[in-house]
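Enquirer: These protein sequences, in sequence, are chains X and Y. Read in order, the letters of the first sequence are residues 1 to 338 in the working numbering. Read in order, the letters of the second sequence are residues 339 to 436 in the working numbering.
Simulated from the structure, these hints should not be mistaken for lab results. Each residue gets a CB set at the ideal place from its N, CA and C atoms; glycine is no exception. Hints are supplied without guarantee of correctness; some may be wrong.
To be verified - Covered stretches of chain X (in silico footprint by chain Y; criterion: 3 or more residues with CB under 8 Å from a CB of chain Y, positions within the stretch not fixed):
#1 47-58
#2 64-74
#3 92-106
#4 134-145
#5 165-171
Unchecked claim - One-sided and incomplete, this derived list gives chain Y residues near chain X with beta-carbon spacing under 7 Å:
#6 344
#7 345
#8 350
#9 351
#10 355
#11 359
#12 368
#13 371
#14 373
#15 379
#16 381
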Amino acid sequence: MSPAEPPAAGATPVPAAVGFPIAPGDPESIEFASRRLGGVADGLDVQAGTMRSTATLLADFWRGHAASAYQALSSIITEHFHVAGETSRSAATALRRYGLELERCRRKGMAATAQAERCLNEIKFQTRRLHDAQLRVSVAQDALSAARADGARARAEGPFGTARAAVADLEAIASQAALTSAQADEQAATEALGRAHEELSQWQGLGRGAWQDAQAAADDASGSLQALTIAPPPLAAPLPSAQGSGEITIDPRSGTVQTITHTKSGETIETITYTNSGGSVATITHPTPGGHGVSGQGSGETIISPGSGAPQGASGHGASGKPGSGHGTSGTGETSVR
Amino acid sequence: MSEFLVTPEDVIAASGRLSVIGGGVEELCGHLQSCAGAAAGTPAEAAFEGMLGRFSAVLPHFGLAGEHLGLAVAGAGAEYSRSDLEVADACDGGRGGE
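One chain only, chain X, in its complex shape:
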């Protein structure tokens, strides 16, 4: 079976008269889920490894307060990945244990069902045999009684009844033989019926035991699974300068919008800085193909445009096109103010 395809839930055969149910459920599906959760655990371990190796790599070329904060958060998140992986593995183990026990119990239950059905068939057969034997006993008893009565009446007739008495005696002998045979059959059928009932009872006990074992395994699995929880890892807060962070609401009526554009290696980069009345600052940096808002491009040239209107690319910040208050900037050399 492909691990990508979950097996269909197996139908549980319901025995008609065996007197016990087969534990419900599809062990293959449970085993599949166990393998999947094991895969999730492995995957989380892989991601934890990526986090860990990245932190190790970064430690070589990033040091300082921010780097320490990153390392600390990375370590916490990595631990969450690790714990989540272990939790998934515990779930996989609990499911695997349950799946195996369910498989065993269902096999046992099915075997017990087959044997119980055999016993039921035997009971049916022996019951018919017993009824048949009892009927033959009754018939033979009647025939014997009739033959004996005939013989008695024939003998009462004296010499004239001698021949009839002899025939009646022969009939009585035959009826006695039939009666003895029928009684033996009756006895054998009674004994066989008793044995079949006893055997049925044993198989029913095994079947019920298998069902109870499966119930107990399900209870164990339920207890384990209910106790398993995964705590979400903390999230890094967006940098105030990150585009679309939403940390600062841009309202040009109560602050200033400053656009700094510089050209480096032929690429024009625009940095839009918003400062509100409370002193909070939002910065967006993005390349501007075509040299938006740039005049006199040249290598290393910086153009500062205070209050230049709506910053392009400031998506999510709700910037209006109203110019800011004209942040003063002194330009020197190649820096100009527009």
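Based on these hints, arrange chain Y on the given structure of chain X.
Expert: For chain Y alone, coordinates are given in the frame of chain X:
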């Protein structure tokens, strides 16, 4: 204030390693979803589905944690790089005025 040492390009490059975590976790979420109904009809069904629901609700946060951390690192690298360029440009400009 911080005393720091940084190679912005390497920080940005390393952030790329974290950006794959979101996709990886999303795949794991798919694996979890494919398990739904596995314990159908058993007495453990409720506990199993409950566990699956809890895991499925939380697992995307792991992807987000990786993504956010990657973005923070990438943002830091970009900020370092931008500041570096700006200061360098400003200094170049200052010398140009001499």
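Enquirer: Confirm or reject each hint.
Expert: Hint check:
Under a criterion of three residues with beta carbons nearer than 8 Å to beta carbons of chain Y, the stated coverage of the stretch 47-58 of chain X is upheld, 7 such residues being counted. Chain Y is given as covering the stretch 64-74 of chain X, and this holds because 7 residues of the stretch bring a CB closer than 8 Å to a CB of that chain, at least three being needed. With a cut-off of 8 Å between beta carbons, the stretch 92-106 of chain X has 3 residues touching chain Y; three or more are needed, and the interface restraint holds. Residues of the stretch 134-145 of chain X lying with their CB closer than 8 Å to a CB of chain Y number 0, which falls below the three-residue condition for coverage.
Counting residues of the stretch 165-171 of chain X whose C-beta sits closer than 8 Å to any C-beta of chain Y gives 0, which falls short of three, so the coverage hint is violated. The criterion of a C-beta within 7 Å of any C-beta in chain X is met by residue 344 of chain Y, whose closest approach is roughly 5 Å, and the hint holds. Hint status for residue 345 of chain Y relative to chain X: holds, with the closest Cβ pair at about 4 Å, below 7 Å. For residue 350 of chain Y, the suggested interface contact is broken, since its CB lies about 11 Å from the closest CB of chain X, more than 7 Å.
For residue 351 of chain Y, the interface hint is violated, the least distance from its beta-carbon to any beta-carbon of chain X being 9 Å, above 7 Å. A cut of 7 Å between beta carbons decides the hint on residue 355 of chain Y: the least distance to chain X is about 5 Å, and the hint holds. With 7 Å as the threshold, the beta carbon of residue 359 of chain Y comes within range of chain X, its nearest partner Cβ sitting at about 5 Å, so the hint holds. Evaluation of the residue 368 of chain Y hint against chain X yields a violated restraint, the C-beta minimum of about 10 Å exceeding 7 Å.
The restraint placing residue 371 of chain Y at the interface with chain X is violated, with a minimum CB-CB distance near 9 Å, outside the 7 Å limit. Given hint, residue 373 of chain Y at the interface with chain X, holds; its Cβ is 4 Å from that chain's nearest Cβ, closer than 7 Å. The criterion of a C-beta within 7 Å of any C-beta in chain X is met by residue 379 of chain Y, whose closest approach is roughly 4 Å, and the hint holds. Because the smallest distance between the Cβ of residue 381 of chain Y and any Cβ of chain X comes to about 4 Å, under 7 Å, the interface hint for this residue holds.
In this structure, the earlier hints numbered 4, 5, 8, 9, 12, 13 are contradicted, and the remaining ones agree with it.
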